[in-house]
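Enquirer: Fit chain to chain and form the complex, with the hints in mind.
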Amino acid sequence: MTEETNKIVIKAKRPLSPHLQVYDLPMTAKMSISHRITGVILTGGLVLLSIWVIAAGLGENAYNTMMSLIDTPITRFVFLAWAFVLFYHMGNGFRHMFWDLGIGITEKAAVKTGTLVIIFAVAMTALIWWLTCDCTTDTANIIVLDGGVHETE
Amino acid sequence: MKQNNHSIISDVKKVKGLGSAHHGNGHWMAQRITAIASIPLVLWAVYSVFNLQGVSYLEFTAWLASPLNAILAILFVLNTFYHASLGTQVIVEDYIANFVFRKIKLIAQKLFFIALGVAVIFSILKIAFTMGI
Ligand code: HEM
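Chains as they are written, first to last, in this note's numbering: chain Y, 1 to 153; chain L, 1 to 133.
Heads up, some of the hints might be wrong.
[To be verified] Distance windows between CB atoms, simulated:
1) Y:C135 - L:I74: 28 to 38 Å
2) L:F129 - Y:I105: 44 to 54 Å
3) L:I33 - Y:C135: 36 to 46 Å
4) Y:Y23 - L:A97: 15 to 25 Å
5) L:L52 - Y:Y23: 39 to 49 Å
6) L:F101 - Y:A126: 36 to 46 Å
7) Y:Q21 - L:I74: 38 to 48 Å
8) Y:P73 - L:G26: 43 to 53 Å
9) L:I71 - Y:L69: 26 to 36 Å
10) L:A97 - Y:L25: 16 to 26 Å
11) Y:L20 - L:I74: 38 to 48 Å
12) Y:L58 - L:I74: 15 to 25 Å
Simulated from the structure, these hints should not be mistaken for laboratory data. All C-beta atoms in this analysis are idealised placements derived from N, C-alpha and C, irrespective of residue type, glycine included.
Chain L on its own, in the form it takes in the complex (with noise of 0.2 Å):
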């Protein structure tokens, strides 16, 4: 077997799951992770989404802003949030081959969940600061 003396990646490294993926299981465990903590909180968010379904900006705005709601919301955008772009992350590396478009897909993705949850949790802490009692 040829070896390639050049690489900066020592040999301990590589055994330790470095594969064909180029990381190693964190990914993998933390899918998990997120998978287990979002069970409760999933159950939470279809239990007051179909609650929610047609209240008035009023109704809406007073149950997000008891702070029980809105700590629960943000766990489960993060939590989701987390878990979606990890799971994303797994389909792109599987279906596209090309290196380049590959790594703009991944940088672009992971952008957009960063920007969509940052803007989510700023607009659960306005109505929770502006709307609460």
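Isolated chain Y, as found in the complex (with noise of 0.2 Å):
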């Protein structure tokens, strides 16, 4: 055998393990291509984000349109979901900082910090949904004033 059909061979017999489509893939290597996948997806709501503040500068039509189209339940729901991509990037960033200083780099650190970041991007959406919601004090304001004017009448 020449030695270019031996390198054939042995190409063939490889095993291809991991094989990504059976293969269930550890908690760190699912964080690690999910820091990727948010990536791209972030990149995707910056364009959003432009497309609403480009409408803005086009006038109130362009505007009232864009906005008749983010303004629903679902995409509600859609924002909520970004922000809890973004955190989790956001803390899976600081993750790969502290690793490029050396910090964090054994498995068990790494099972520990990466549980830490989606409690981290968990808390940062309940967070940013709680002060931004108008469940709190102002529901309570309309409550009051609604009383006042029934008070009156």
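Expert: What follows is the structure, given as structure tokens:
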């Protein structure tokens, strides 16, 4: 056998594992690829935000059309999902930069900080929703005002 | 080892981080600098986006015309677009093996980010200068 055919035989017999379609990736590997996926999703989000601002620059009609598209119950949920993806990417970005400094590069630490990143993303999304949801002081004010109106009538 | 004596790239230049990616570590550093700069900008942007959902044209433009918001918005666009451009560049370099396709995709997306970024910044300035009091 020539060296060339030898190489082909070896190549054909080479195992394919971990084969991505059947192999259940460990948590750290899932988080690794999701940093990339969230980066791409966020880039898409950036384009949407850009269209919002450009529409406002074009004038009231363009703005109103855009707002009627992005202010529905479903898109409100999409915005919440966007915030989660952003905070996940941010938390994971911190993790990347600590690794660059040589901090936390053991498997045990990576699992621990990975869990922290997910907790951070959920907590920050909840916080931003709570801060902006009009469901705390504003609603209370409306109820008070409403009560006031009824009393004077 | 075979030496390539025809290369115009000096050995020093080769050693200074011109590896398989054909560029040095400047890209890597810029990705991190934009990441750190984006922490306050992104927090401000998420909070603002959630507050601005469903507001009227006049409310939105009055908000964006305030100097602080206009300046932060422009900084957010410059920083985040640069970060996203660098990030998606690496992804293309990793996944598109064909040299010609890769170069075309890289140039196209760079031009896309520049065009979109300029359009957004122009819109911000237009609103700031015409709707501001
Ligand atoms: C809308 C905002 C953002 C967008 C569109 C975005 C997009 C991206 C993209 C596309 C990548 C490349 C992923 C890869 O190479 O696999 C990336 C990487 C990165 N991002 Fe972001 N990002 C955003 C916000 C942030 C924030 C707030 C941080 C803060 C910590 C951050 C930290 C990083 C880091 C450290 C990397 C490099 C990771 C590596 O070397 O593999 N990003 N980003």
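Enquirer: All the hints need checking, so say for each whether the structure fits it.
Expert: Evaluation of the provided hints:
The given range of 28 to 38 Å is respected by Y:C135 and L:I74, whose C-beta atoms sit roughly 32 Å from each other. As the Cβ distance of L:F129 to Y:I105 is approximately 50 Å, the hint placing it in 44 to 54 Å holds. Roughly 38 Å separates the CB atoms of L:I33 and Y:C135, a value that falls within the hinted 36 to 46 Å. Range check, Y:Y23 to L:A97: Cβ separation about 23 Å, and the 15 to 25 Å hint holds.
In this structure, L:L52 and Y:Y23 meet the distance hint of 39 to 49 Å, their C-beta atoms being roughly 43 Å apart. Taking 36 to 46 Å as the suggested C-beta distance range, the pair L:F101 and Y:A126 conforms, at roughly 42 Å. Distance hint for Y:Q21 and L:I74: a CB-CB separation of about 45 Å, consistent with the stated range 38 to 48 Å. Taking the beta carbon of each, Y:P73 and L:G26 are about 45 Å apart, inside 43 to 53 Å as hinted.
In this structure the hint that L:I71 and Y:L69 lie 26 to 36 Å apart at CB holds, the actual value being about 28 Å. For the hinted restraint 16 to 26 Å between L:A97 and Y:L25, the CB-CB distance of approximately 23 Å keeps it satisfied. Distance hint for Y:L20 and L:I74: a CB-CB separation of about 41 Å, consistent with the stated range 38 to 48 Å. For the pair Y:L58 and L:I74, the beta carbons lie near 18 Å from each other, so the given range of 15 to 25 Å is met.
Consistency note: the structure conflicts with none of the earlier hints.
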